[in-house]
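Novice: Chain by chain, the residues run as shown.
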Amino acid sequence: MKNKELSFWLFITPVVLSLSLVVIVPVLMGLFYSFTNWNGLTFTEIVGFDHYKRLLGDTNFRDSLWFTFKFAFVSVIVLNIIGLGLALMVTSKMKTNNILRTIFFMPNLIGGLILGFIWQFIFVRVFAAVGDFTGIEGLMGWLSTSTTGFWGLVILTVWQQAGYIMIIYIAYLQGIPKELIESANIDGASPFQKFRYIIFPLLAPGFTVSMFLTLSTSFKIYDQNLSLTGGGPFNSTQMVAMNIVDTAFSSNQMAYGQSKAVIFFIIVAIFSLTQVYYSKKREVDL
Amino acid sequence: MKNRRKYLILEIIGVILGLIWLSPFYLMLVNSFKVPREIFANVLTLPDSLNFANYVKAFDDLNFIRSFFNSLLITVVSVAVIIIFSSMAGYALARNKSRLSNVILLVFVAAMLIPFQSVMIPLTAIFGQVDMLNRVGLVFMYLGFGGSLAIFLYHGAMTSVSISLDEAAIMDGASKYQIFFKIVFPLLSPISVTVAILNVIWIWNDYLLPSLVLSRDNETIPIRMFYFFGQYTRQWHLALAGLTIAIIPVIIFYFSAQKVIVEGVTEGAIK
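Chains A and B, in that order, give the protein sequences.
By this note's numbering, the letter at position 169 of the first sequence is numbered 169, and the numbering carries on one by one without gaps.
One rule links them: number in this note's numbering = place in the second sequence (from 1) + 1000.
It is worth saying that the hints were derived from the structure and are not from the lab.
Just so you know, even glycine gets a beta-carbon here, dropped at the ideal spot from N, CA and C.
Certain hints may be false.
Stated by the list, open to error - FRET-style restraints, in silico, Cβ to Cβ:
1) B/I1251 - A/F192: 33 to 43 Å
2) B/F1181 - A/I176: 33 to 43 Å
3) B/T1159 - A/L17: 24 to 34 Å
4) A/L17 - B/D1217: 26 to 36 Å
5) A/Y277 - B/L1050: 48 to 58 Å
6) A/N252 - B/R1216: 38 to 48 Å
7) A/K95 - B/D1131: 29 to 39 Å
8) A/D63 - B/Q1235: 30 to 40 Å
9) B/M1112 - A/P205: 16 to 26 Å
10) A/Y197 - B/G1230: 52 to 62 Å
11) B/I1170 - A/Y52: 27 to 37 Å
Said to hold, decoys possible - No farther apart than 25 Å at their CA atoms in a straight line, the calculated lysine to aspartate or glutamate pairs in the DMTMM-like style are these:
12) A/K178 - B/E1267
13) B/K1006 - A/D187
14) A/K178 - B/D1061
15) A/K70 - A/D187
To be verified - From chain A, some residues computed to sit far from chain B (all C-beta separations above 10 Å):
16) L19
17) N60
18) I77
19) A189
Just chain A, with the same shape it has in the complex (with noise of 0.2 Å):
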């Protein structure tokens, strides 16, 4: 297919247009309206780099900011560790090997809204019960806190994600020749050795692809955020990506959640492309 034939056209018009007024026209679009006073509809005037300086000084945007690193930190470290465990695991001669890649893989299908209710009824009534029952202070009062609202987030991630990531780690053991694994063994290699010196070097595609995509599902995450704490108590718990959807929808603030949203994506770019190249890097040296 030669540029200038018009079937080449026709067969990428379709999602080139879509691409376009979905995605390319209202980044650009976006852009231009946070420096206005665009209502939605219409603007008056342009009025600079207004909306960012109040960005500054906007403590509720900085600390849904400043917890939403937090979360995805700890997220991204839990997540990787435990999906890389759950795959070394059912990558092992068990007998249960089958079962468990289904069950632990099992929420990833279902969505994060109706999740976060299933664990709002988990944290405040069962942990509450299983706290009274015990005696075990720490139990009660789950997400009523900023600090209990925090552990739920990151508990439901990993629970809703590990399986997603457990089978990311999977597909690159099985990559792994065994030969070098047998060979080990017949050095006599303990099992520590085996894993840091021969399993884990080979797994750093694996590692790029996991921490990649944990990292940005962790930082878009909205769902989970608003079915289990809709942000509260008092928008402590509250991420950027719902600040951004309380600010446009619920105050009517377009233009200022606009500002908010080119930051985000600033962030989520900068993150993303520094990752990767990092990542790159290490796989080359190792």
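Given chain A's structure and the hints, the job is docking chain B onto it.
Specialist: The following block gives chain B in isolation, referenced to the frame of chain A:
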């Protein structure tokens, strides 16, 4: 002997972890059959009797048949549209070896980095102005958001479809459309399955985008669930019955196509 014991311990740990993983579903299920008093008295145990009253009420209040078919319609149409148009574009971009098509492909891949929340405000404003905040508009948006990954996957899969097939078909006088739909598209079906699985999971469960686009008449299961739950906060017996109902279709889908789903998700993640 030593090895067997080692695996036994691992096996026990595995079973315990498996049970922990299942426990939220267990708790949801057992409590969905209870009356409120029972939930307060004994949250961990099986219900005294199988009482379906909660289910009848929740099924009714969720307007489940309706929201189920709304979800089904949106998901099936969007996924079909994504598969058809993305495979066409992936084919055209792979067969056109020019700088232009490299640039187009790069733009699609780069677009995957843009978070939805960064575009949603102008997006809904633009579509609102042309009266497209409806199901047709939603399908079009899903093509825009889902097209990138699909084109990327199809473009990659095209490397295994030999160009000599195209050439032979041209000799026989086939048009570009015939070549694509009769010869190439069937050969791409493994990747079409992957694209279908990934997009079904995403679109079926998506909440934020449809909640901004659809009117209350066309609401999908997640949107309906959100209102339903708000209505029954602290009436856990009804809320849990509703959640169970909402999960059943997904569980059936998972167990009927488990192998394909896991393969598809793996492929989508590591490519």
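Novice: If a hint holds in the structure, say so; if it doesn't, say that too.
Specialist: Hint check:
no.	hint	verdict
1	B/I1251 - A/F192: 33 to 43 Å	39 Å, holds
2	B/F1181 - A/I176: 33 to 43 Å	40 Å, holds
3	B/T1159 - A/L17: 24 to 34 Å	26 Å, holds
4	A/L17 - B/D1217: 26 to 36 Å	28 Å, holds
5	A/Y277 - B/L1050: 48 to 58 Å	57 Å, holds
6	A/N252 - B/R1216: 38 to 48 Å	20 Å, violated
7	A/K95 - B/D1131: 29 to 39 Å	59 Å, violated
8	A/D63 - B/Q1235: 30 to 40 Å	32 Å, holds
9	B/M1112 - A/P205: 16 to 26 Å	19 Å, holds
10	A/Y197 - B/G1230: 52 to 62 Å	54 Å, holds
11	B/I1170 - A/Y52: 27 to 37 Å	56 Å, violated
12	A/K178 - B/E1267	22 Å, holds
13	B/K1006 - A/D187	20 Å, holds
14	A/K178 - B/D1061	56 Å, violated
15	A/K70 - A/D187	43 Å, violated
16	L19	5 Å, violated
17	N60	16 Å, holds
18	I77	19 Å, holds
19	A189	16 Å, holds
Checked against the numbered hints listed earlier, the structure breaks hints 6, 7, 11, 14, 15, 16; every other hint is satisfied.
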